[in-house]
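Undergrad: Just so you know, the sequences run in chain order V and G.
Adding 6 to a residue's 1-based position in the first sequence gives its number in this note's numbering.
Adding 6 to a residue's 1-based position in the second sequence gives its number in this note's numbering.
It is possible that some hints are incorrect.
In this list, chains with the same sequence are indistinguishable; a pair is considered to hold if it fits within one copy or across any two.
Unchecked claim - Below, in silico cross-link-like pairs of lysine-lysine (DSBU-like), each with a Cα-Cα straight-line distance of 30 Å or less: (1) K163 <-> K78; (2) K317 <-> K370; (3) K317 <-> K201; (4) K78 <-> K370; (5) K312 <-> K163.
Simulated from the structure, these hints should not be mistaken for lab results.
One letter stands for each residue in the lines below.
Number of protein chains: 2
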Amino acid sequence: MNSKETTRVVIVGAGFGGLNAARALASAPVQITVIDRKNHHTFQPLLYQVATAGLSPGEIAAPIRSILRRYKNAEVLMDEVTGFDLDCRVVETPDQCVPYDYLIVAAGARHAYFGHDDWEPLAPGLKTIEDALEIRRRVLLAFELAERQAAAGETSKPLNFIVVGAGPTGVELAGTLAEISRHALAHEFRSIDPKSAHVLLLEGGPRVLPAYSEDLSHSAREQLQHLGVEVLTSTVVTRIEPGTVHIGDTHMDAAIVLWAAGVAASPLGKELSAPTDRAGRVFVRPDLSVPGHPEVFVIGDLAALKDEHGKMLPGVAPVAMQQGRFVAKLIRQELESVGAPPFSRPSREGGDLDSRPKFHYWDKGSLATIGRAAAVAEFGKIHISGFLAWLAWLFIHIMYLVGFRNRLLVLIQWAWSYLTYQRGARLITGSTYLPGWTEGLPDQERAVSVPSENPATTRK
Amino acid sequence: MNSKETTRVVIVGAGFGGLNAARALASAPVQITVIDRKNHHTFQPLLYQVATAGLSPGEIAAPIRSILRRYKNAEVLMDEVTGFDLDCRVVETPDQCVPYDYLIVAAGARHAYFGHDDWEPLAPGLKTIEDALEIRRRVLLAFELAERQAAAGETSKPLNFIVVGAGPTGVELAGTLAEISRHALAHEFRSIDPKSAHVLLLEGGPRVLPAYSEDLSHSAREQLQHLGVEVLTSTVVTRIEPGTVHIGDTHMDAAIVLWAAGVAASPLGKELSAPTDRAGRVFVRPDLSVPGHPEVFVIGDLAALKDEHGKMLPGVAPVAMQQGRFVAKLIRQELESVGAPPFSRPSREGGDLDSRPKFHYWDKGSLATIGRAAAVAEFGKIHISGFLAWLAWLFIHIMYLVGFRNRLLVLIQWAWSYLTYQRGARLITGSTYLPGWTEGLPDQERAVSVPSENPATTRK
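So here's chain V without its partners, still in its complex pose (with noise of 0.2 Å):
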């Protein structure tokens, strides 16, 4: 039907799949439009270095305007995505309709609780800046407090940290966590020794890091114990109420409570009319495609996929990137092929299909940091744990960092913090009410409370 107009290709969410998606159609004969809930790009492997005082927000997040702001073929949208007219072929938004030949939803996971949402409040997770600045809030409270609660003749509570949930994400707040107040705050303190802080991670399952090999996990909880963390796994949280996490028949003091127990995909999955799994990820065919709909493609961690050995796809960074640029180059070469998205065309409704190629997940292998100079790196066979990981790690990460800019700067952050144990952004902005503490400060500001739902279009 516009064979003759440009093709119009709309990436819903700006997270690693959809901006490699972007960028690798940047050159193609497309109209692209990326629309994303949020004006910047998050680079979600170092959330937890802004939740932990380590980063600025700005350090490692760009605009996505910015980012694609060379390719004149593409253009931004802050706007938020309600749903989808498959039919019709438009985006839905709450006052627009963004009509697409080929559309590429990216829109990410969030942190779930599993039905136990009222938790929410009271053990944040860590998807966003907002998410980032919200713990970074109560962890460097929670000290303040303690300090001012001995500094007035009070007992303080005991100030544990408890972190549930150790995945990637609870293993570095952790590790980070421990290290903050055994370093970073060691000296500042008059009334508290933040070194009696006690930082607990509860996992679930039978070890730290269950996606690595059981070495890797062994070596992890090792080092984590090494920087103060007492890990508990095989323990599960029946219930959190402010100031108390409660373990079976059990239950412990909490200063605060992170969450890092569960991910969910974007509710908008379920706007796709494709089957998900029960993580609400939309089983897509091997090209990546939606069922029924092969100008409807969903990457990153929306898409449910399994590798050749039927092992479900990891929600991590290179999965996603490498997804945006499967699709991308599969939509040129399809306007290539045709000179226009053959599926415009009724006559070839659905498309030859089975010449489509199937996407392929080269793992280069995984990385966990722990803290300082203390990771862990599986590359295939090749296993290796403490400051070498660590080193691999920081080098993988501060390269792939969005953005000359910043990659200079995180070196200079983490230069600076690693010879100073210094933490560069420790800013408590905000409303200073903490749950759990019989007072905060009398709140004459507006409580500034953060996102509790993630945004729709949350991403990596």
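Chain G: place on chain V using the hints.
TA: Coordinates of chain G only, in the frame set by chain V:
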């Protein structure tokens, strides 16, 4: 009464005045307690850079604890001072009473709306990091909403950025906003032209930068106009509504309104049972003490004191810093001469005030920046404009920045944005609602609203 105990000096507010007092007392035989409502010192002269996305909050703010960590006789309490008991010599906070022998009140000022506090949500001022982030949010969001309206085919409202008040802050904001729209954002939008943004600077008085000499006001106005700012002097805002600013019978559309028109001293001034001026500043004695309470000092924006020419000292950082050091020195001398705070002895109640030195402000000159390579500087008879003045401003401010790390980062940031016209911290976080815009994003996030009343202990 406690001549045997260590003398207790309580400092309220960790702005330039409070911090300099604390530092200058570090090696004295006193126990220092710094109480602040925030955990961080804010380098206010660069706050406008955060508001205009040039710097991240972490780059112009540092935790008070880190700044004072080396001073073992100094403790920091993050708490809100609610009042004083001058007879019993205790500082009152919601959950404790902090006794003092000497009290230094450096609680600073906040912006004021001259009885129109209902304007604050519509026209935020710039005194805290939260203020700056809220302004940044609004500025960036205005462009995004305009782009979205244009992309949806709606006629977007004129992008008028209205800054009320042409003091240093208003001039900085207006100049920088003009630069952003002309350079930083120039090529990143597809449906709107950021250059079409129109920055208006409204001043009730006859000229911009009224505190400066006529010729520099004139030069500043020219530099502003050169940057594309429309300057309207003798223009008094009579009403502010969502999306509209009223000036007498006329009115203008406003995409966003920023308030830089007036300051009021911290409400804590009223708690000192001493005479205050219209702005709520405490009339202090020549030694900066409160009449009738030689052990209580008021410094910085909260103090009202005339110089030898009968001219009221301006509310700028150098005044506060010199006053902080002056009071610290005075206290040290009294302790050396009598070994204990003289005023804790009934026999000498009132003390030998006439022997006390008088504070003299050493005016090194004043600088106001307007934009990239645009500024005015007044060093006594020497008046400079443009690039040279800007260099002087840049150098002085970077040198003053608290902490090596910040200084280095800020230098890099600025070098970078100077070379590339980029802004480093263009993140929209929190709510996506903008007053006066018919539609914001449907705000699934709990709105992140920013303190409207500024904290009682807002400081320089």
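Undergrad: Any of the earlier hints contradicted here, and which numbers?
TA: 3, 4 and 5
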